[in-house]
Amino acid sequence: PPIELLRQFLDQGGFYDRHKLFWKDITDVVECCACGPPGGGRNALTPRYVRHHSVMVMPQPSADAMKRIFSSIVGGHLKLNGQAEIMSLTKPIVESTVDLYLTVLRELKPIPAKAHYTFNLRDVSKVVQGLLMVKATQ
Numbered sequence: 001p002p003i004e005l006l007r008q009f010l011d012q013g014g015f016y017d018r019h020k021l022f023w024k025d026i027t028d029v030v031e032c033c034a035c036g037p038p039g040g041g042r043n044a045l046t047p048r049y050v051r052h053h054s055v056m057v058m059p060q061p062s063a064d065a066m067k068r069i070f071s072s073i074v075g076g077h078l079k080l081n082g083q084a085e086i087m088s089l090t091k092p093i094v095e096s097t098v099d100l101y102l103t104v105l106r107e108l109k110p111i112p113a114k115a116h117y118t119f120n121l122r123d124v125s126k127v128v129q130g131l132l133m134v135k136a137t138q
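Numbering of the sequence shown is given in the UniProt record's numbering, commencing with residue 1 and proceeding in unit increments.
Bear in mind the hints are in silico, worked out from the structure with no lab data behind them.
A couple of the hints might just be wrong.
Stated by the list, open to error - Pairs of lysine-lysine, DSS-like flavour, derived with a Cα cap of 25 angstroms:
1. K135 with K67
2. K135 with K79
3. K126 with K79
4. K109 with K67
5. K91 with K135
6. K79 with K67
7. K114 with K126
8. K126 with K91
9. K109 with K126
10. K79 with K91
11. K67 with K114
12. K91 with K67
Whole structure, please, built from the sequences with the hints as guidance.
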């Protein structure tokens with residue numbers, strides 16, 4: 001697996017060039033990684049690779065936390081841009097967006113045949129980003 005090339009670099013500090021038949025030392029490189037849980041086209045990381053890293057887990061925020069975060073973003077944007085007349089739409093739009101996201105997560109599970117069914121908070125933020133582009137006159 002490709003992850004073993006990274007493990008080899010971390011273990012031995014370089015790679016073996018199979019065409020020119022010599023060892024290539026790699027220096028002054030720092031590795032910073034992020035990953036999601038295995039499944040839906042993502043493979044589990046091997047213990048031999050993970051032992052080189054400090055693993056930190058960031059849990060999924062609750063629905064209420066997501067609604068507060070995105071309501072603050074949308075509400076702040078509307079106030080800042082003088083669109084207070086549509087402030088009353090902030091709560092229903094954000095709530096429906098977050099509820100739709102949670103429904104999609106629950107109903108559209110990634111499987112090998114549909115590995116593209118991977119959704120995360122970036123998808124919600126892209127919807128909110130699109131909402132922030134709308135002017136009150138539209």
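The hints, checked one at a time:
no.	hint	result
1	K135 with K67	22 angstroms, holds
2	K135 with K79	12 angstroms, holds
3	K126 with K79	20 angstroms, holds
4	K109 with K67	22 angstroms, holds
5	K91 with K135	17 angstroms, holds
6	K79 with K67	18 angstroms, holds
7	K114 with K126	22 angstroms, holds
8	K126 with K91	17 angstroms, holds
9	K109 with K126	20 angstroms, holds
10	K79 with K91	14 angstroms, holds
11	K67 with K114	28 angstroms, violated
12	K91 with K67	8 angstroms, holds
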